[in-house]
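Colleague: Given the coordinates of chain A, work out where chain B should sit on it, guided by the hints.
Chains A and B, in that order, are what the protein sequence lines are.
Quick note, in my numbering, the first sequence goes up one by one and the last residue is 506.
Quick note, in my numbering, the second sequence goes up one by one and the last residue is 495.
Simulated from the structure, these hints should not be mistaken for laboratory data.
Check the hints yourself; a few may be wrong.
[As the list claims (entries may be wrong)] Derived DSS-like pairs (lysine-lysine); straight-line CA-CA distance at most 30 Å:
hint : chain 1 : residue 1 : chain 2 : residue 2
1    : B       : Lys178    : B       : Lys37
2    : B       : Lys483    : A       : Lys268
3    : B       : Lys432    : A       : Lys310
4    : B       : Lys252    : A       : Lys490
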Amino acid sequence: MLNSNKPMALQWRKFLSCFTLVSLIFSSYSLFAETSVLTETGMSIETIKKAVVQIKVYSQSNDPYSPWLSGNVTSATGTGFLIGKNRILTNAHVVSNAKFIEAQRNKQTEWYELKTVYIAHDCDLAILEAKSGSFYDDSYEFSFGDIPELGTPIDIVGYPIGGSKISISRGIVSRIEQSTYAHSQVDSHLVIQVDAAINPGNSGGPALQNGKVVGVAFQAATKGENIGYIIPTNVISHFLKDSEDGKYDGYVELGVHVQSSYSLSHRKFRKIPDDAEGVFITNVLRGGAGEGFLFPGDLLLSIDGMPIGKNGTVAYNSESRVDFIEIVDNKFAGEEIKFELIRDGKRLNVSFPAKRMEDLDYMRSSYDRPYPYFIFAGLVFQPLNRDLLEAWARVGQTQGGSQFLYRFQNFPEIKENQKEDVVLYRKLSHPINSALDYYINMTVSEVNGKKISNLNEMIRLLQNSKSKYVRISFLDLPLPLILNLEETLKADEEIRQAYNLTEINK
Amino acid sequence: MKNILTSVLLSFFFLSVEIHSKSQPVGKDDNFIVQVKSTVQYPNFIQPWRFKNPETRHSYGVVVGENLILTTAQTVYYQTNTEVQKFGSLKNYTAKLVKIDHDLGLALLRVEEKEFGTGLTPIQFGSEIFLASTGTVLEYKEFRNLSEKKIRTIKLDVDTYANGYIELPYVEVQSDDKLEGIGELIVDEVSKIPQGLLIYFKDSQNTGKMVPNFTINQFLNCNITKKCFSYKGFRFRPLTDASSRSFYGVRKENSGVLIAEIYPESSASSLLKLEDVLLEVGPYKIDPKGYFEHPKYGKILLSYLFHSGEDLGLGKDKKIPLKILRNSKIMNIDFEMKAFPETAVKIPFGNTRYRKPEYLMLGGIVFLELSEHYLTEFGNQWRTRVSKQLLYLNDYHRINNTGETKKVILLSQVLPLPGNQAYHSLQQVVLKKVNGKEPKDIRDLFQIATESEDPFLVIELDDGTQVVFEKEEITNLNKEAIKVFHIPKSHNLSE
Numbered sequence: 001m002l003n004s005n006k007p008m009a010l011q012w013r014k015f016l017s018c019f020t021l022v023s024l025i026f027s028s029y030s031l032f033a034e035t036s037v038l039t040e041t042g043m044s045i046e047t048i049k050k051a052v053v054q055i056k057v058y059s060q061s062n063d064p065y066s067p068w069l070s071g072n073v074t075s076a077t078g079t080g081f082l083i084g085k086n087r088i089l090t091n092a093h094v095v096s097n098a099k100f101i102e103a104q105r106n107k108q109t110e111w112y113e114l115k116t117v118y119i120a121h122d123c124d125l126a127i128l129e130a131k132s133g134s135f136y137d138d139s140y141e142f143s144f145g146d147i148p149e150l151g152t153p154i155d156i157v158g159y160p161i162g163g164s165k166i167s168i169s170r171g172i173v174s175r176i177e178q179s180t181y182a183h184s185q186v187d188s189h190l191v192i193q194v195d196a197a198i199n200p201g202n203s204g205g206p207a208l209q210n211g212k213v214v215g216v217a218f219q220a221a222t223k224g225e226n227i228g229y230i231i232p233t234n235v236i237s238h239f240l241k242d243s244e245d246g247k248y249d250g251y252v253e254l255g256v257h258v259q260s261s262y263s264l265s266h267r268k269f270r271k272i273p274d275d276a277e278g279v280f281i282t283n284v285l286r287g288g289a290g291e292g293f294l295f296p297g298d299l300l301l302s303i304d305g306m307p308i309g310k311n312g313t314v315a316y317n318s319e320s321r322v323d324f325i326e327i328v329d330n331k332f333a334g335e336e337i338k339f340e341l342i343r344d345g346k347r348l349n350v351s352f353p354a355k356r357m358e359d360l361d362y363m364r365s366s367y368d369r370p371y372p373y374f375i376f377a378g379l380v381f382q383p384l385n386r387d388l389l390e391a392w393a394r395v396g397q398t399q400g401g402s403q404f405l406y407r408f409q410n411f412p413e414i415k416e417n418q419k420e421d422v423v424l425y426r427k428l429s430h431p432i433n434s435a436l437d438y439y440i441n442m443t444v445s446e447v448n449g450k451k452i453s454n455l456n457e458m459i460r461l462l463q464n465s466k467s468k469y470v471r472i473s474f475l476d477l478p479l480p481l482i483l484n485l486e487e488t489l490k491a492d493e494e495i496r497q498a499y500n501l502t503e504i505n506k
Numbered sequence: 001m002k003n004i005l006t007s008v009l010l011s012f013f014f015l016s017v018e019i020h021s022k023s024q025p026v027g028k029d030d031n032f033i034v035q036v037k038s039t040v041q042y043p044n045f046i047q048p049w050r051f052k053n054p055e056t057r058h059s060y061g062v063v064v065g066e067n068l069i070l071t072t073a074q075t076v077y078y079q080t081n082t083e084v085q086k087f088g089s090l091k092n093y094t095a096k097l098v099k100i101d102h103d104l105g106l107a108l109l110r111v112e113e114k115e116f117g118t119g120l121t122p123i124q125f126g127s128e129i130f131l132a133s134t135g136t137v138l139e140y141k142e143f144r145n146l147s148e149k150k151i152r153t154i155k156l157d158v159d160t161y162a163n164g165y166i167e168l169p170y171v172e173v174q175s176d177d178k179l180e181g182i183g184e185l186i187v188d189e190v191s192k193i194p195q196g197l198l199i200y201f202k203d204s205q206n207t208g209k210m211v212p213n214f215t216i217n218q219f220l221n222c223n224i225t226k227k228c229f230s231y232k233g234f235r236f237r238p239l240t241d242a243s244s245r246s247f248y249g250v251r252k253e254n255s256g257v258l259i260a261e262i263y264p265e266s267s268a269s270s271l272l273k274l275e276d277v278l279l280e281v282g283p284y285k286i287d288p289k290g291y292f293e294h295p296k297y298g299k300i301l302l303s304y305l306f307h308s309g310e311d312l313g314l315g316k317d318k319k320i321p322l323k324i325l326r327n328s329k330i331m332n333i334d335f336e337m338k339a340f341p342e343t344a345v346k347i348p349f350g351n352t353r354y355r356k357p358e359y360l361m362l363g364g365i366v367f368l369e370l371s372e373h374y375l376t377e378f379g380n381q382w383r384t385r386v387s388k389q390l391l392y393l394n395d396y397h398r399i400n401n402t403g404e405t406k407k408v409i410l411l412s413q414v415l416p417l418p419g420n421q422a423y424h425s426l427q428q429v430v431l432k433k434v435n436g437k438e439p440k441d442i443r444d445l446f447q448i449a450t451e452s453e454d455p456f457l458v459i460e461l462d463d464g465t466q467v468v469f470e471k472e473e474i475t476n477l478n479k480e481a482i483k484v485f486h487i488p489k490s491h492n493l494s495e
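With the rest of the complex left out, here is chain A (with noise of 0.2 Å):
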């Protein structure tokens, strides 16, 4: 029979020896840490630390289901990093609705109150700045590098879930891809997923590469564990260099739809020649770059010179393709759009200027800003925007639900003249509206017979009307809602009163 205890006592053995091995290593890494160069950084942690601000924020957001009412004042801690001119550059989400910022680096016992000088929801940064000039004592500014390749290790330096000392995370870079940004919810451009944890307070925080910032941390992936996304370098970079006028424009959409151009059949139908590429429009949106250039059925064969697959993708560098639209979210206002494209059989070749399409703004999340309303008869009216129709449909409301929802997720498409859509989503109860519940979570489409396109135009219209009654018609419903003007008038002073309205219309 073998002795047992013996293999078992030569394991030990071998695990104290690594241990000890371990236990040196690390013992030496801590002795020197203060001064040592992260391989990967590039860089000290000393001087890393003079770059990177730890930013609190305290921020007041408004309620879009009651936009009458002011919300909660809160407070959030997040990172930013000095990029020069003294400017700290973070995320937008973390100075969103800010009423009060401020700031320490590492060392500093105090903290400095910030300004905001831009900001940019539309891809998740902002610029922000010291009011003193002794916050900037001592301080380090970053240099950006290029997009880090797949595989590569990366630093990602912040000061997460909290804490008030700096912290650095290292991951590797596992994708490169285009994605919708979560802090507008609409806009998409490029990101970096590092399979390292970003966490609460990370947000704005530098991820770092051979002594070079070459993203910004920022979102985390809800799904899958220890998965982080980075702000890649030509979005930083496009944020920049859109502000040096002194105004953030934001960024420009094309407006189109495309299909893939796979179906010879399709291809065959439409003429195109064998050796052509490209994707089929298939819709151009109201108020994009496209609008009056481009068409539905043309095949998009190439964007500024590079051809387009038949899966609409581009050659990025040597390595992947990207999506065509990356092309167009790197361009400015104002800059050429230039496309080879075959339309009716031709091959023709189209530029015209990128713009901003402004439909998109009532689609992405807002902040900073009161939201709009109007209260008549104690029914709450406010043009739909994505912050309202998150804040419905928490409180339940599932009633008209699906008009709300198709319209809003078509918006560009089946708003023709219509700059927004002017929806009746509660009321303040009194006993003028008792009968009225019927049109509410309704679209106004009418005011006294008149089409109406947006909350302005509806005030102006009830607030001109000579007539006896007021009818208010929605769309889908028959009947319109019928008011006494005169006593809505009276029962709005009531209701003023009632529900402590300092402006009834807002």
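Modeller: Only chain B this time, still in chain A's reference frame:
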């Protein structure tokens, strides 16, 4: 399935049912309750070439004539085989469907074997119900155990049954006993006169719905080639707020509802207009919430006067005098009742009405007509799973309000084959045009697709996507899809 439907339709045409009604109490030893067991196989509304697992449904039946059994429609919907067992007998008799009413939720069966009637005493339903009173529910679970349970009848009103289209009378019942609501006969406790059939019961609330005897009679006595119930053809809204009443010129305080929706090709379509105020139906004043005062049963919704109302000299096949207010002026009109205009329905909702879902495959791409049943096939969370456009259409555009008979055709799914690779990601998209034409329904799409002389079939979808096939390609891809995905044929439309 086709055979079953054909036999049902043939039964509608050739079988004649004559049932006379005279209210009579049921005797203690009368044998009139049977058990109905039906095997049903529901179609799959997303993939109509497939069927769901056959399942068995049990209900009670009441003998209402020679070898005729009244039971719930739910029991025999999509039936493949229906058997009946009578009290005290172990034998199962095969029953055939004679007629079914989708709005009332009742069906009539016939057993062909003569000997079935031996020992059975048909019951007769009267024309009056007792409110509020106590009743007895009669049921039996095994072939020799008859049980009686107590029930209270509370009120008579009108509403749609099991998502039918027409509002019909029902009696709200309560019971402390556990009931099933699958066709139990309810008789008055004292007089033993049949009051109706229980077709719905919710244990947790101790309440249910009984089809009253006079409505059952309307179903039993109607000509089987026609619809048993007429439809008023409009929907109304209460007119309770002072501003609206004054705006529409309603002076009297106690009457009037607003006409809110008019069904094309219905009784109302040529007579009523939106925003008319309906003041009186026959001699009955309509209150601002839409109720009238029934001399026996109290306040009931006005639909009773149109859809039932025989006891008041109104209802089916009658001209009903209406008093309305149009542009603040009083008008009297004679309202002629018609059956529910099925063509007015753009997106079928509620009851399947024994409908066979149809499909058409073009190049391995499946096209269907949108129905609520298609959407509900996506499970309990269907409202969050289906396309928002389809949900919106289903919620707000069920009726062809324009008067044009048109269905919503959708590209439901693509059966992925190498030849239709360009379209694999398409699903739940509304069809707009085919070769420049807007098909009215799936049959029209089939016709355009098969009769077109063009070398290409160009399918335009609502989102702007174009699907293009050469004619021969469609045939080849369909053949391939049939083979690969085990689909019986490229469409299930009757030629």
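Colleague: When the structure is checked against the list of hints, which entries are broken? Sort them ascending.
Modeller: No hint contradicted; all consistent.
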